[in-house]
Amino acid sequence: MDENTKAIQVANEEVLRSEFGKFRQLELETVNRVQEQADQERAVLEAEIQRLSNKASEVQSELHLTRQASASERELLERNLELAKTESTKALLEVREASQEQEITWRSEMEEALASLQERIKAEQAAGHTKAVEELEKKHADEIEGCETQYAAVISKASSLESELVKVTTEVTTLSEKMNEGQENAEAEILAFKSESSRLKDALNGQIQAVGHLETSYHEEMRLRKKYYNTIETMKGKIRVFARCRPMDANELKRSCKPIVDYEDEYTIKVKVKSNTVKPFLFDAAFTPEATQEEVFEDCRRLVQS
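Here UniProt numbering is used: the first residue of the sequence shown is 1, the next is one more, and so on.
Since the hints were derived computationally from the structure, they do not count as laboratory data.
Even for Gly, the Cβ is constructed at its ideal location relative to N, Cα and C.
Among these hints, one or two may not hold up.
Pair ranges (Cβ atoms, derived) [what the hints assert, rightly or not]:
no. : residue 1 : residue 2 : range
1   : K258      : N185      : 49 to 57 Å
2   : P289      : R240      : 49 to 57 Å
3   : L191      : V154      : 34 to 42 Å
4   : D249      : V296      : 38 to 46 Å
5   : Q50       : E220      : 16 to 24 Å
6   : F281      : D202      : 38 to 46 Å
7   : K272      : A11       : 44 to 52 Å
8   : T288      : E187      : 26 to 34 Å
9   : T149      : S176      : 39 to 47 Å
10  : E164      : S198      : 46 to 54 Å
11  : E164      : A188      : 33 to 41 Å
12  : Q50       : H213      : 24 to 32 Å
13  : E171      : L191      : 29 to 37 Å
14  : S176      : H213      : 49 to 57 Å
All chains should be modelled from the sequences, with the hints used to inform the complete structure.
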């Protein structure tokens with residue numbers, strides 16, 4: 001192989017290595033962008049679910065208070081209605097009894113007065129006192145008219161009480177219907193909120209599952225690409241770089257030290273530096289502290305000659 005061929009091969013390898021680095025960086029940016037978008041959508045859905053949950057709680061509280069108030073108002077109205085019915089019935093019975101007693105008394109008095117008047121008329125007629133008879137007849141007619149007027153007033157009062165009782169009963173029935181309608185509307189609103197909240201939760205779960213599926217597919221695709229790429233590079237004799245982080249020793253654990261290395265996947269590690277900044281690093285393979293020696297040297301075992 002002449003120098004030109006070697007130079008071309010080296011140049012091609014450099015171009016391939018550069019293109020793969022760019023492709024890897026582009027894939028990382030795409031994954032981060034998809035993850036960020038998924039996180040934003042998840043945050044929006046969670047906020048909407050929280051808002052609907054709070055709204056449902058408020059409506060349930062209002063419904064509970066409304067039910068308590070409605071029950072209290074209904075109980076009060078029922079008591080007032082029962083009291084009004086009792087008082088009206090009692091008053092009506094008293095009026096009717098008084099009317100009957102007054103009617104009996106008046107009729108008895110009228111009959112006695114009439115009998116007395118008739119006797120006086122007969123006596124006056126027998127004595128020839130015509131003028132006195134006329135006066136007695138007029139007086140008798142006035143008394144009868146007065147009794148009839150009082151009787152009509154009593155009957156009118158009883159009718160008025162009956163009308164008032166009907167009015168109160170109608171008002172109580174109307175209020176009861178309105179309270180039932182309000183309770184039904186509140187329950188329907190709560191059901192609507194619960195349905196919307198359930199729909200958003202299902203949508204959020206679907207988004208989470210979709211993101212998880214995409215992440216799994218991406219990592220599997222990257223693993224296969226890296227495997228094939230490493231195979232090709234091994235065949236060409238390229239130097240491969242592995243990274244392995246040792247576990248913390250007893251002294252570090254005793255001092256409550258915390259790890260600063262995070263493994264994004266089997267090729268990428270993130271190192272926490274000062275000011276809580278995280279820097280990513282790409283390798284041909286990245287092994288966790290739990291990885292065994294066999295796992296570390298598995299890829300290069302076939303290259304070892306002795």
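Hints, verified against the model:
Taken as a hint, the range 49 to 57 Å holds for the pair K258 and N185, whose Cβ atoms sit roughly 56 Å apart. Checking the proposed 49 to 57 Å range against P289 and R240 shows it is violated: the Cβ atoms sit about 20 Å from each other. For L191 and V154, the Cβ-Cβ distance of about 57 Å falls outside the hinted range of 34 to 42 Å, so the restraint is violated. Distance hint check: the CB atoms of D249 and V296 are about 19 Å apart, inconsistent with the given range 38 to 46 Å.
At about 34 Å, the CB distance of Q50 to E220 disagrees with the hint of 16 to 24 Å. F281 and D202 have their C-beta atoms about 39 Å apart, which keeps the hinted 38 to 46 Å range intact. Here the CB-CB span from K272 to A11 is close to 38 Å, at odds with the stated 44 to 52 Å. Look at T288 against E187: about 55 Å separates their beta carbons, and that is not inside 26 to 34 Å.
At about 41 Å, the beta-carbon gap between T149 and S176 stays in the expected band of 39 to 47 Å. Judged by the Cβ atoms, the range 46 to 54 Å given for E164 and S198 holds: they are separated by roughly 52 Å. Distance hint check: the CB atoms of E164 and A188 are about 37 Å apart, consistent with the given range 33 to 41 Å. Checked against the hint of 24 to 32 Å, the C-beta distance between Q50 and H213 comes to roughly 26 Å, which is consistent with it.
Checked against the given bound of 29 to 37 Å, the beta carbons of E171 and L191, roughly 31 Å apart, stay inside it. For S176 paired with H213, a C-beta distance near 56 Å keeps the hint of 49 to 57 Å intact.
The earlier numbered hints that this structure contradicts are 2, 3, 4, 5, 7, 8.
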